[in-house]
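K.L.:
What follows is the residue order along each chain.
2 protein chains.
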Amino acid sequence: MKYLHTMVRVSDLDASLKFYVDALGLVEHSRRDVEAGRFTLVFLHAPGDEGAQVELTYNWDESGYDSGRNFGHLAYHVDDIYALCQHMINQGITINRPPRDGRMAFVKSPDGISIELLQKGEALPLQEPWISMPNEGTW
Amino acid sequence: MKYLHTMVRVSDLDASLKFYVDALGLVEHSRRDVEAGRFTLVFLHAPGDEGAQVELTYNWDESGYDSGRNFGHLAYHVDDIYALCQHMINQGITINRPPRDGRMAFVKSPDGISIELLQKGEALPLQEPWISMPNEGTW
Chain A
160 MKYLHTMVRV
170 SDLDASLKFY
180 VDALGLVEHS
190 RRDVEAGRFT
200 LVFLHAPGDE
210 GAQVELTYNW
220 DESGYDSGRN
230 FGHLAYHVDD
240 IYALCQHMIN
250 QGITINRPPR
260 DGRMAFVKSP
270 DGISIELLQK
280 GEALPLQEPW
290 ISMPNEGTW
Chain B
160 MKYLHTMVRV
170 SDLDASLKFY
180 VDALGLVEHS
190 RRDVEAGRFT
200 LVFLHAPGDE
210 GAQVELTYNW
220 DESGYDSGRN
230 FGHLAYHVDD
240 IYALCQHMIN
250 QGITINRPPR
260 DGRMAFVKSP
270 DGISIELLQK
280 GEALPLQEPW
290 ISMPNEGTW
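Protein chains in written order, with the working numbering: chain A, 160 to 298; chain B, 160 to 298.
The reader is advised that the hints may include incorrect statements.
Identical copies look the same in the list; a pair holds intra-copy or inter-copy alike.
To be verified - When the alpha-carbon atoms are kept at most 25 Å apart in a straight line, the in silico DSS-like pairs for lysine-lysine are as follows:
#	residue 1	residue 2
1	Lys161	Lys177
2	Lys279	Lys161
3	Lys279	Lys177
Just so you know, the hints here were simulated from the structure itself, not pulled from any lab data.
Based on the sequences and whatever the hints tell you, model everything.
P.N.:
Here is the structure:
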C-alpha cells in the first residue's frame, strides 16, 4: 500500500499553477485534458519527491469551490522557510501565518486550500521582517 | 522540499482509528496529546511508506466537521483492491464506489474525507460481487 496523492479542485487553472508552481515551487509531473468529461487533471510534486503528488482537478464548467473544516492542510518540509516565504510574497501571495518562529508558516491556495510550510531540521535564527509580521486571515 | 502529510480533523478519534487503521490498513506512527491545547495529533501512514503521512487532529471539545468541495480526496495504491474492499465491508464500511472495473474504489471516513483506492499495476479480472454492486452516496 502506498500514498499516491491528495486531490484538490481548482476554479482557475492558471491562477492555481501560479500559486502551486511559480510561488510554492512544486513541479508539474503530468497533465491530462479530458475533452469528453470537460476537465483537466494536473499532477504536481515537490522537486525530487515525485512519489507524493497533488492532483489538481480543473472542471472546465465549474468554479467557486467552498472549504470544509474536515480537511486541514497539506504540509511540506522546505529548505529555507524565509527564502520561500519572501519568494511567495514577491509573487503576490499573502503569508497568513508568517514564520515568526523560524520554523512554521501557512499560506492558502486561490481556492482556500491551506498549506503548512515547515523548516527542515532546526528552526532558523529569528529575524526581521518575520518577527514583527502579524497573522492575516485564517489558514 | 518534501511532502510530509495531509491533515484532517476528526470528530471521534476511536471511530476514526477504526476507519483509518482497522479498516483501511494504515499504521500509527506517533501520537501526541496536548493537554494545554486540548487536542490530540495522531500520525498515520501506509505500511512501509512512512514518508507520506496523514495527520489526524482530534480537538477534544469540537466535532461535526463539514466538508468542502475544494478538497477532493486522498489516494492510495493497494495490492488487492477486492481483498481490501471486502475487509472494509466486514468492518462495517460502505464502499461508495465499488471496484466494478477491478481498478478503482472510493470510501469515506467518518468525517466525510473521501479516499480513493487504486489497484497497483494491472486492473484485476472483473468478478462478482463487485460487478453488480451499485454506487452508494457520494465520494
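K.L.:
Which hints from the list above does the structure break, by number from lowest to highest?
P.N.:
none
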